[in-house]
Every structure is written in C-alpha cells, then in structure tokens.
Amino acid sequence: MDDLIELTRILNTDINNIETVLDVDAALWMLAFDNVMVNLDSYLGQFKQNYYLYKDDNGRFRPVVWDLNMSFGTFGQTGSGGSLNSTTQKSQLTHLLHENDAAWPLMSKLMAVPRYKKMYLAHFKTILTENISNSDYLTSANAYQNIIDLAVQADNNKFYSYAQFNSNINSDVNAQMNTASGLTNLMSARSTYLLAQSDFTAIQPSITAVAPSIATPIIGNTITVTAQVTNTNTTAVYLGYREGDFVPFTKILMHDDGAHNDGGCW
1 MDDLIELTRI LNTDINNIET VLDVDAALWM LAFDNVMVNL DSYLGQFKQN
51 YYLYKDDNGR FRPVVWDLNM SFGTFGQTGS GGSLNSTTQK SQLTHLLHEN
101 DAAWPLMSKL MAVPRYKKMY LAHFKTILTE NISNSDYLTS ANAYQNIIDL
151 AVQADNNKFY SYAQFNSNIN SDVNAQMNTA SGLTNLMSAR STYLLAQSDF
201 TAIQPSITAV APSIATPIIG NTITVTAQVT NTNTTAVYLG YREGDFVPFT
251 KILMHDDGAH NDGGCW
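Numbering-wise, this note's numbering puts 93 at position 93 of the sequence shown, and it's gapless, one number per residue.
For the record, the hints were derived by calculation from the structure and aren't laboratory data.
Don't be surprised by glycine CBs; every beta carbon is placed ideally from N, CA and C.
Treat the hints with care, as some may be off.
[Unchecked claim] The following label-pair restraints were derived from C-beta to C-beta distances:
id	residue 1	residue 2	range
1	Q204	S167	54 to 62 Å
2	Q204	T184	23 to 31 Å
3	I219	A259	22 to 30 Å
4	R9	Q204	29 to 37 Å
5	T201	N85	22 to 30 Å
6	A236	G59	21 to 29 Å
7	R115	T184	33 to 41 Å
8	D101	T201	19 to 27 Å
9	S206	S167	42 to 50 Å
Taking the hints into account, I'd like the entire structure generated from these sequences.
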C-alpha cells in the first residue's frame with residue numbers, strides 16, 4: 001500500500017520523476033485504447049475503475065486493461081458533462097477527455113507534460129489507423145461472431161435474442177438498460193470524426209536512416225546512433241535504449257549540432 005501511495009504522491013506533486021514508479025508508456029497506451037474504444041467503464045469513465053496495477057521487477061507499476069464487456073459505448077457515463085446516450089454522441093467523444101480535470105490525475109497530469117501528450121496522440125492514432133479506420137476490427141468481429149455462433153444459439157440464459165446478436169455488428173440494440181451501438185455504426189463514424197481533428201491531420205514526424213555506428217557491437221564498444229528526423233516542430237529527439245528485454249528504456253537526448261558524430265547540422 002505504501003508503494004501505491006508513493007505513486008499517487010509522485011503523480012500529483014513530482015511529475016518529473018513519474019517514470020521511476022510508473023510505466024508511463026503503458027499508461028498512455030491504456031488511456032488511448034480506452035478512449036478510442038469508447039470504453040468508459042474504465043479509468044476514463046465516471047467510476048475510474050476496471051484496470052489492474054501490478055508492480056514489476058523493476059519497481060514500476062504497470063496498468064492492465066480489464067473488463068471490456070461494456071466497451072464500444074455501452075456504458076456512456078464520462079463522469080463530467082452528463083451521459084453519452086446516442087451513438088452520435090459516443091462517436092464524437094473527445095480524444096482529450098479529462099485532459100484538464102484534476103479528478104482524473106493519471107490523464108490530466110500526464111497530458112500536462114508536452115512529451116507525454118505527444119506520445120499519447122501518437123499511440124491514439126496508431127490504434128485508430130491500424131485497427132479501426134482500416135476496418136480490421138470488423139474483420140475480427142465477424143470472425144469471433146462465427147466462432148461463438150452455435151454457443152449463443154444454444155444459450156438459454158442470454159440477455160438478448162439471437163437476432164440481436166446477429167444484427168449488433170451493424171445496428172444499435174437495446175440490451176437491458178443500455179443501448180449497445182452497432183459496431184460499424186459507432187466506429188466508422190468515430191474514425192471519421194477523430195481523423196478530422198487537428199491533432200491527427202497535422203503532418204507527423206518522419207524518422208528515416210536510423211543507423212548504429214557499429215552494426216554488430218560487442219561488449220565494450222562505444223556506439224553512436226544516427227537518424228534523420230523531419231516534419232517535426234521540436235528540437236528535442238530522444239533515443240531509448242536498454243540492456244535487457246525486461247528492463248526499462250533509458251532515454252537520452254540526441255544531438256543535431258555536427259559535433260557529436262551526428263553528421264552535418266540540419
């Protein structure tokens with residue numbers, strides 16, 4: 001319990017040291033995932049629940065997503081500004097939900113750090129373009145539906161009809177006290193809405209020609225890594241490296257002054 005209290009203290013009062021107690025990258029992936037999927041029965045929603053935290057061998061907490069049965073907007077309570085009741089409202093959930101809300105410190109404190117916010121937006125767009133806008137989610141949904149079809153037909157205790165099970169891929173269904181948005185109804189509109197936002201229409205950085213000075217280094221070698229980075233509005237580019245598969249990355253600032261084996265200054 002003391003470790004968890006220390007995590008909350010650092011998150012709220014010493015954000016510069018947050019990476020010593022939290023896998024920030026994993027936390028940003030979770031926040032982005034929950035938002036893309038309109039998974040509000042989660043940390044992002046009214047009750048700030050349904051995730052695990054475990055402390056790894058490196059002494060850092062890592063979040064684990066859990067309990068996704070009410071994702072895709074079936075639970076619509078954001079915790080601020082009322083409930084998202086319609087599929088249209090759910091599809092237009094802001095990608096920066098709780099960015100400035102002190103009641104959600106994992107979101108608000110991380111978003112207040114420009115580098116973490118850029119990482120969050122990059123993760124968000126990756127999830128969106130690699131799973132939603134290309135319709136991969138629909139391919140998976142149809143495959144999973146086929147796998148469980150016979151079991152659903154045989155289930156005498158299900159909370160919905162077999163017809164609803166079939167139609168909910170594309171059409172909204174009223175189930176108990178909630179409306180389960182059709183997957184394509186929700187996510188097609190959500191993809192269109194999100195990809196039109198300025199955070200995702202901006203030209204993203206291009207990283208090319210990544211090369212180590214020694215292709216196959218051995219113990220004791222000093223290595224320089226160079227890369228060409230364009231289309232960026234920052235002068236701060238970081239290289240992450242680690243000495244084992246399960247240890248945290250150490251991040252160092254890369255140089256662009258022609259004096260650190262980095263070639264000509266750009």
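Against the structure, the hints come out as follows:
1. Q204 - S167: 54 to 62 Å: Given range 54 to 62 Å: violated, Cβ gap about 38 Å.
2. Q204 - T184: 23 to 31 Å: holds, 27 Å
3. I219 - A259: 22 to 30 Å: holds, 27 Å
4. R9 - Q204: 29 to 37 Å: Roughly 35 Å apart at Cβ, these two residues keep to the hinted range, so it holds.
5. T201 - N85: 22 to 30 Å: Roughly 28 Å apart at Cβ, these two residues keep to the hinted range, so it holds.
6. A236 - G59: 21 to 29 Å: Holds, since A236 and G59 (Cβ atoms, about 27 Å apart) stay within the stated range.
7. R115 - T184: 33 to 41 Å: holds, 35 Å
8. D101 - T201: 19 to 27 Å: holds, 25 Å
9. S206 - S167: 42 to 50 Å: With Cβ atoms ~43 Å apart, the hint holds.
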